[in-house]
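Number of protein chains: 2
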Amino acid sequence: MATIYEVSKLAGVSLATVSRVINNIDKVKPATRQKVLRAMEDLNYTPNSIAQSLASRRSNSIGVLIPELHGPFFGIMLSHIESELRDAGKHVMIMAGHSDEAKEKESLELLLSRNCDALILHVYSLTDEYLLNLSKGSVPIVLLNRLVAGMEDRCISLDNEHGGYIATKSLLELGHKSLAYISGPHWKVDSFKRIRGHKRALAEFGLEFDQRLMFEGTFEEESGKLGMEQLLQSGIPFTGVVCANDEMAAGAYNTTRKHGLKIPDDMSIIGYDDVAFARYLYPKLSSVTCHIDQMGLMAARSVLKYAYEKDNAAIQKAFKPSVMLRASVDKV
Amino acid sequence: MATIYEVSKLAGVSLATVSRVINNIDKVKPATRQKVLRAMEDLNYTPNSIAQSLASRRSNSIGVLIPELHGPFFGIMLSHIESELRDAGKHVMIMAGHSDEAKEKESLELLLSRNCDALILHVYSLTDEYLLNLSKGSVPIVLLNRLVAGMEDRCISLDNEHGGYIATKSLLELGHKSLAYISGPHWKVDSFKRIRGHKRALAEFGLEFDQRLMFEGTFEEESGKLGMEQLLQSGIPFTGVVCANDEMAAGAYNTTRKHGLKIPDDMSIIGYDDVAFARYLYPKLSSVTCHIDQMGLMAARSVLKYAYEKDNAAIQKAFKPSVMLRASVDKV
DNA sequence: TCAGAGAGTGTAAGCGGTTACATAATAGCT
DNA sequence: AGCTATTATGTAACCGCTTACACTCTCTGA
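These protein sequence lines map, in sequence, to chains F and A. Position in the first sequence (from 1) plus 32 gives the number in this note's numbering. Position in the second sequence (from 1) plus 32 gives the number in this note's numbering.
Keep in mind that the hints were calculated from the coordinates and are not lab data. Given the structure is predicted, the values throughout are model-derived calculations rather than measurements. Treat the hints with care, since some could be wrong.
Unchecked claim - Quick list of in silico lysine-lysine cross-link-like pairs, BS3-like style, CA-CA up to 27 Å: (1) A:K363 x F:K290; (2) A:K290 x F:K135; (3) F:K316 x A:K290; (4) F:K231 x F:K137; (5) A:K294 x F:K316; (6) F:K137 x A:K67.
All chains, please: the whole structure from these sequences, using the hints.
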């Protein structure tokens, strides 16, 4: 790999001038610029971005820490973050935190030690306190799907309580009087809030929450199957089930059919997240759409604003999910 | 951020000694090591990996270039690459190439300029020649889902012709005599090879290939719908359809139902890739599984072998897809 | 007792750039 | 032409770390 030194020698100018040409800063006489470009071309030179980063204490790269690299949810988010930043000439360093405190911390430190200009964090295990403290450092951080007091302007958040509320409400409005709920792990704050919304909707319609119609799943398809199985066997009658994500809803479909029940005639089902495959299911799954593409986009824009002072695009911080009703639900 | 210099001053030793402690190389007297560790702790010091990388010309990071960040396929692959490498203390820099030559090249150069110790490339637009040339450079590269002559030992490849062959064959073995095919874009080599396998299976069973039963889709659900629509309207009778991926199969499900046909009674459908949601569909979608998890794993191991001389795990280079028959197909 | 070996540590020259500051070249004006 | 204000370029000190090499101490064994 050629270095800037070789370029400067070939072009007959100083290191500084080459650097100026590379970075397009300061004025360089057109003729000189040409000589340098020519030399760069001849040597097939690419600046070493590590060296640039060390010297300039900037890296043009944004660290992104998400729970997992797979899954329909994160992929979309990542994809939008990347394309927006790439269009702005920045690039992303992606790491997975696996919802594990040690790993999240380790990844975070690595991203920092790599001179990331900013960080987009979608983390579960790190505490509010830790994040708040981090946000006081010199590297701008943006939080995804989280709202931490004291740094609201850096949070792209989603109102999970509202999501749980509208999911349940949309079924109640169809006349359902008894609903089951398949939730995610209770310790996850997202799960917890959705449940709260569920209860609020029930209360609003004058219905009692029945603990026996609540199943705690894992967000995986298998637990949707299992949950539906247990709910049906409980003997408590219900005409609809609200699932805390689409995978579990897919599992619920499976069990429902196995019991000879028709969707939506005998059982209305609604999911959450509205991932791509919700529309592939038959009947098409109703779901709560979380605007993950938009959230990704806004995280990217926030970074452009806070880390690079590019303040030309509107930024939405707080998102409210909305319901997509499809063939999986019906009047009772 | 504290620097190595401050640590050395606080510990009362030289920079070199601190560096030795950090990297665990050479012998350092236990007492000295303690002093250094103590100082590091006190200053809450983390080595600046950019500087480490520049000085050592190594980065402990592997560049990964894939077509897209979203989609069920790439997510799984990425996920496996990342976890294997992470277990080995390495980390990944991920970029998306968007199947566009300019972007792929640009991303590649960025990864190189970031001192990546090795590269895992899943690219479509770069030519064999370019890749072969690249592989002669000093940075080890591993190719995913591609076989380039002259660098076979660096290729993790998948036999797409065979995949197309077994997909079709599995339907023919069930007694089908007339099959339609919904393919991906013909210019993509993967699509092309699968079609070739399809034709080979037909020939083997003494069946003529009928161009009118071939639809060129885009690998997206919508084109599966559209393709099935056109195929059904063509008037040529067929009892099964082979789809070049699962998304299009999902689309085909949709259209098939709309026409009042039952799956698998009236129409057998098989997909390709065997992504997660194939099992969520009803009836469960038969598919060709590509072992993408394994391919990701092997790519990671190859990197460990070629870039870090870790040669302890077996590496499989060539993969053959296999058929997963589920409820979406039946005897005719 | 002393040379030689080995262990432990320090010195200083990079790695490939950026950038404040100094200096040289040119342009603009009287 | 002469002087100043700009503009263009060069010089050299970093950025934070690694590492070849030199050096200083023990510790052996003859």
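Results of checking the hints against the structure:
1. A:K363 x F:K290: holds, 22 Å
2. A:K290 x F:K135: violated, 48 Å
3. F:K316 x A:K290: holds, 13 Å
4. F:K231 x F:K137: violated, 35 Å
5. A:K294 x F:K316: Measuring from Cα to Cα gives roughly 17 Å; hence the hint holds.
6. F:K137 x A:K67: holds, 25 Å
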